[in-house]
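Given the structure of chain A, go ahead and fit chains B and C onto it with the hints provided.
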Amino acid sequence: MRPTLQTVLAAVCLLALLAACTPAVPSVVIYTSVDQVYAEPILKQYEEQTGVRVLAVYDVEAAKTTGLVNRLLAEMDRPQADVFWSGEFVQTLLLKENGALAAYASPQADSLPVASRDPDGCWTAFGGRARVLLVNTNRVVLADAPRRMADLLDPRWNPSRVGIANPLFGTTYTQAAAVYAALGDEAAQQFFTDLQARGVRVLDGNSVVRDLVASGELDFGLTDTDDACGAVEKGAPVALVYLDQGEGEMGTLVIPNTVALVAGAPHPEQGRALVDYLLSPEVEAELVASGWIQIPSRALADRPACPAELPQRGMLVTLAEIYARLERAKTDLTDIFLH
Amino acid sequence: MIRLDGLCKSYDRKLPVIRDASFDLPDGSALAILGPSGSGKTTLLRLIAGLELPDDGTIWRDGEVISEPGWALAPHRRGMGFLFQSPALWPHMTVAQNIRFGLAGWARPAARQRLEELLAQTGLEALSDRFPHQLSGGEARRAALARALAPRPACLLMDEPLTHLDADLKQEMLALILSSAAAARASLVYVTHDPAEAEVVSARVGRMEAGRLVFPPAGEGGAG
Amino acid sequence: MPALRRRWNALEPILRLAGFSLVGLACLGPLLVLLYGALAALPQHPDWLLLALPTGRRAGLLVNSLELAGGSALAGMTVGFLAALALWRMPGRAARLLRGMALIFLPLPPSIHALAWMAAAQGLNTLLASLGMPEIRLMGWAATLWVQFMALLPLAVGICLVGLHTLDPDALEAGEMLAPGLQVLGQVILPLAAPMLAAGTGFLFLLTLVDHSVPGLFGVNTYALDIYAEFSASSQPGRALLLALPCLVIGFIVLAGMQKGIRRVTQPVVWARKPALQMKLPAWLEILVNLGLGMVTLQVVVPFLTLAGSTGGVVRLWASVWAARSEIRNTFWIATAAALLCVVMGWLAALWLACTRQGTGKARGAPAAWLVVTAPLAVPAPLIGVALIAWFNRPAFGPAYGSILMPMLAAAARFLPFAAILLAAQFRRVDPLLLDAARLHNTHPLRTFFRIRLPLAAPGLLAAGVVVFALTLGELGATLLVIPPGQSTLTLRLYNYLHYGASEEVAGLSLLLTVLLVAAFGLGTLALSLWGQLQEAQS
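Just so you know, the protein sequences line up as chains A, B and C, in that order.
When you line the first sequence up against our numbering, it's residues 1 to 339, in that order.
When you line the second sequence up against our numbering, it's residues 340 to 563, in that order.
When you line the third sequence up against our numbering, it's residues 564 to 1102, in that order.
Bound-form chain A, shown alone:
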């Protein structure tokens, strides 16, 4: 052999040896549907504190929730993720139903309400966003704004200036299922049929509703508190209204975050540690401060300026009851809105 080739081979062997001797950095893989701008700082902080490398995959709203949940289901035979952190609960319950989650009772869950914990220990809920009506105060006097979901059908409002996100996707879909759970199938079906018949504008997502209300193209629209407060903080002429807060009324839906350990996770120990971290009061406080969570599960010393107040009355339906109405809601809403 020529000397050059010998040198190359020796170098390759040395590199391989070095690579084998170099201690591997511990890592944990998380799939999250929480907006990257909110989730990334939390995860980076965990990296700095623990020295564990966090490898994250972030979902995008444009994928219409066909992203990470389907990835987790497709990978079930050979999971790549350790932790699933969702900004809502429907996807998490779906994953549990398909056996994609592992039971883990985090000690951090003890400081959370009992209703926040899955009876089988497969997920834990914390902090949340509420479904609100975002109102453009230049177009509508706040005192005159709708106060109930049913008010969206009021003929005094120009339906082309009322907006909702597509009720077949995301938190609007979840809210629709909650309405089915609260009102019953027939009443809910009638409500959405009337809504569609009125000609209310159906938009591509909560952020689009937010932007159009903020710009004045819409008088008001249904969205989430994180989107709504984003518009408030940017100085848009908007205000939040919690619907159905009156006695005997439906109440406002609060959609919690959920955290779960993936079944068969490749790094279960690291996964449990990350779950504990995400469920900690400190992280919840940080997410409230950053604007992702507006409805904390725990009492906090400091509250952000938006929302100015919390809803007095939440919806009296459980997450499981809402989940159980999804199928019926989807069938009806597809027939009503998708033609």
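Among the hints, erroneous ones may be present.
[What the hints assert, rightly or not] Label-pair ranges, simulated between beta-carbon atoms:
#1 Gly248(A) / Leu868(C): 49 to 59 Å
#2 Gly961(C) / Glu40(A): 24 to 34 Å
#3 Gln424(B) / Phe1012(C): 22 to 32 Å
#4 Ser290(A) / Trp896(C): 29 to 39 Å
#5 Glu269(A) / Val812(C): 41 to 51 Å
#6 Arg1010(C) / Glu464(B): 25 to 35 Å
Calculated directly from the structure, the hints in this document are not laboratory data.
C-beta: ideal position from N, C-alpha, C; glycine also.
Here is chains B and C on its own, set in the frame of chain A:
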């Protein structure tokens, strides 16, 4: 020597293009093939060149099989040059590059010398750096001829090479082809639809008639 | 020696079959994986079969989608051709710059185009309101058609330019000697450019048929939205695939019909450009051509002004770019690798699509080839991702799954049909005599390949590479499912910011996508030019 023995070819079972074509072509000899358009002349040349496979029959070169049903010796190994109906010069190469393409296995000095010979032989010295689109029709034909002659083929196949040339240019080109073939001591199979042209090329003239290659009886100017 | 030749000749069809099988696997693999899953579930869910039949409400949605796709494709290619005609006839170096500018927003995702137009409409409405005039409502079918057509216009112009640029000026001038410009246009230019134009129309149609993002933004319900709604609610890939089957069938019919109409058109590939054609057209057609050019200008100016105006200044723009540096790196490598892979695989596929029985011009096995190659076009992007997970998430593939290789494969799986069809159109245009002449002098197959076949296919190669690169830049649905944890792409980051409402970052990253495309195009052209110089030095 090149021998065709019972060559048959069809593209469509109902319509054979070549039926039972046979002839011998001794080294250094010339054969002209006459026939109207669509009579199979081009197909016959393509079979000899190895560009197509025969359905039946055999082609021999110096006692060795070079084409038979389902198999043909690769075209570039048959020692043949082909002049198509159109110059078919590669548009991204200059005249010199087109000619040198067939000299790939040659030593550089030998290849350079051969190139200069061919450029001089075909009168293209001043045009060696031009691209095909910068040549006149006659110049392009001469470049194509130089390319076909470059690797000193033992046999030249000409498919109506004077198409679309004016009378003077035809004469000039024909003279060049014949002198080049003679200088190279190459056999020549020359396809044309012009009887006068065929007679200039060779005393031995075959006719394509309904896919069959027919030679006039001995004594009438050529045999198969 | 003859014995060796016999063995090689016997081997050649086997190698050819192996190549075509590889292409078939690449195109049909994901679909077969999904079909297998769907079929396996059918015994328990026989009612799923009904999903494949668009009836009732779904039939209406499908008609909606077909009208939108047909309208977008025809409008896009018509305007694209008119604009390309204008750009092609322009002399001088400024024309080259204009041609590049026309294509600059090729990688911009359609939903970003939509947002740019919505912002423009808002600005216009403010002006109209100040003048006491009624507002323009950018909603509904017309708005969707407009935005879809504007978003696809760069692709249409690009394909038309490729089709026009490879025409032999001699053939056109020969026509001009005999007939007025309009007749030359109709009877010479259009038929000769037909392969590329037909391919482009098919692409635009299929890209629109499976897109849900733009219609969703303007409140138009389409069949694609139904597929996504179903998949989102059920998370059952089998159901979504069965729903998508009508799109698959339609895609095949469209492209198979197109290729039947493509006559075998062979003419010399013009390597060195002659001065542009000064063809005289009737006044009414000149007006239309200039209108087309105007539309293309609008398609560049409106998004550019909207995006540039939203970046928040140079400092903010730089901050967005710096923050996205790892995404930029990932995106560039993924798109480059996908383009190279598609060009190689597309070559094999194009041989299959364009191969003929010698002499008759009839395509051998063409219908089957077109079906196989076009299959991925109608499969929704997330399903491609799901199929790749099912295929590659196995111990046998080791570290490949979970590496940056996966998004490259996802993009290649989605966009191989584009490369194959563009290359097939190019192959059909090459004079077979040029290849026969090479066979006569072929001292080495590789030499003939690199010195003859490759240069003759160069326009198609560049077009295929650039189109796949551009489409990969904006790919979202499949990438999301296979991107390695801890890594991201520019488009994923862009959509995250979009949802968050960070319009400055969105604008900055959108402009960055176009910069990447320009860089890739420049590198591709430079590579071709260097390779040409290398060949010249070696001869």
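Tell me, which hint numbers fail for this structure? Failing hints: none at all.
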